[in-house]
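Number of protein chains: 2
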Amino acid sequence: MDSAFLDKISFDSNGLVPAIAQQHDTGEVLMMAWMNRDAVLETLEKKEVCYWSRSRAKLWRKGESSGHVQKLIDFRIDCDGDTLLLLVDQVGVACHTGRHNCFFTSIKGGKAEIISDIEIPPEEMYGEKTPDA
Amino acid sequence: MDSAFLDKISFDSNGLVPAIAQQHDTGEVLMMAWMNRDAVLETLEKKEVCYWSRSRAKLWRKGESSGHVQKLIDFRIDCDGDTLLLLVDQVGVACHTGRHNCFFTSIKGGKAEIISDIEIPPEEMYGEKTPDA
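Chains A and B are the protein sequences, given in the same order. The numbering used here puts the first residue of the first sequence at 848, with every later residue one more than the last. The numbering used here puts the first residue of the second sequence at 848, with every later residue one more than the last.
Heads up, some of the hints might be wrong.
No copy is singled out in the list; a pair is fine if it fits within one copy or between any two copies.
Stated by the list, open to error - Restricting the straight-line Cα-Cα distance to at most 25 Å, the calculated cross-link-like pairs of lysine to any residue (SDA-like) are:
hint, residue 1, residue 2
1, Lys905, Gly874
2, Lys958, Ala904
3, Lys958, Ile856
4, Lys958, Glu892
5, Lys905, Ile961
6, Lys905, Ile962
7, Lys905, Ala959
8, Lys958, Glu971
9, Lys955, Gly862
10, Lys894, Gly956
11, Lys958, Gly939
12, Lys958, Ser913
13, Lys855, Ser912
14, Lys894, Ile856
If you're looking for bench data, these hints aren't it; they were derived computationally from the structure.
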């Protein structure tokens, strides 16, 4: 694959760039995690999303233990190259808590409120580790 | 305002947290930028989004020069507290290039392709500075 586009991505001092995953058809923002150069290349090559786990310091093939992979539909770079937007087709759920997306806490009047339910109990998800996004 | 919820946010070693802005009704992901504690509090208090500009090292009241403010509809925190999702109502356009959102570059077959048009020429946008997201 031609990887000349990599010079459009501004990796930070740790060699990472934040990547937002959005469900391609519903618009739901699923999660945010980080990618390094290798994660970007693997994601584009395999058409399945691979992040960089900061806590485990290794490539994190999303869904490798749970089966809840993210199929890549489109890969976008923002205007200054320092954020990625991945349009994906999420199999199962995106969040390690078993919710469909990670943004289930809403602040209302200064208080945190849980706004979505667990779809799949985490113990059924084969021990997939917490993202460190 | 009760600010006890702040302990649910994991600010990084620079005191910052990434914040994704999404148009509340269409689901369009508009941009990603950074917030510090003061930006979070001001955003919730004024119901208009305020980021922290890393390049200018000061609060960045989105739209303060262009008028293209982001009205806050909902404020969400992810499962591990290190990313925010802001549901907003965007006035005008979000991107300093004059496009509606910042993610207008798509990678197709290893090549970068521009997929959306400029809606408002930047010179009409009263010199709002480039976000450093």
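Tested hints:
Neither within a single protomer nor between protomers do Lys905 and Gly874 lie at most 25 Å apart by alpha-carbon distance, with minima of 29 Å and 31 Å respectively. Neither within a single protomer nor between protomers do Lys958 and Ala904 lie at most 25 Å apart by alpha-carbon distance, with minima of 34 Å and 29 Å respectively. Taking the closest pair of Cα atoms, Lys958 and Ile856 come within 25 Å of each other only across two copies (13 Å); inside a single copy the shortest separation is 37 Å, beyond that limit. Within a single copy, Lys958 and Glu892 get their C-alpha atoms only as close as 43 Å, which misses the 25 Å cut-off; across copies the closest is 13 Å, which meets it.
In the homo-oligomer, the alpha carbons of Lys905 and Ile961 never lie at most 25 Å apart, since the shortest distance is 31 Å inside one protomer and 32 Å across protomers. Taking CA atoms no more than 25 Å apart as the test, Lys905 paired with Ile962 passes in neither setting, with 32 Å inside one copy and 32 Å between copies. Taking the shortest Cα distances, Lys905 and Ala959 never come within 25 Å of each other, neither inside one copy (32 Å) nor across copies (27 Å). For the identical chains of this complex, Lys958 and Glu971 are neighbours neither inside a copy (30 Å) nor across copies (40 Å), given an alpha-carbon limit of 25 Å.
For a Cα distance limit of 25 Å, the shortest separation of Lys955 from Gly862 across copies, 23 Å, qualifies, whereas the shortest one inside one copy, 36 Å, does not. Within a single copy, Lys894 and Gly956 get their C-alpha atoms only as close as 41 Å, which misses the 25 Å cut-off; across copies the closest is 11 Å, which meets it. Proximity of Lys958 to Gly939 under the C-alpha cut-off of 25 Å is found in neither arrangement, the shortest distances being 29 Å within a copy and 30 Å between copies. Taking identical chains as interchangeable, the C-alpha atoms of Lys958 and Ser913 are never at most 25 Å apart, the minima being 32 Å within one chain and 32 Å between chains.
Within a single copy, Lys855 and Ser912 get their C-alpha atoms no closer than 32 Å, and across copies no closer than 27 Å, so neither meets the 25 Å cut-off. Taking the closest pair of Cα atoms, Lys894 and Ile856 come within 25 Å of each other only inside a single copy of the chain (18 Å); across copies the shortest separation is 32 Å, beyond that limit.
Going through the hint list in order, the structure does not satisfy hints 1, 2, 5, 6, 7, 8, 11, 12, 13.
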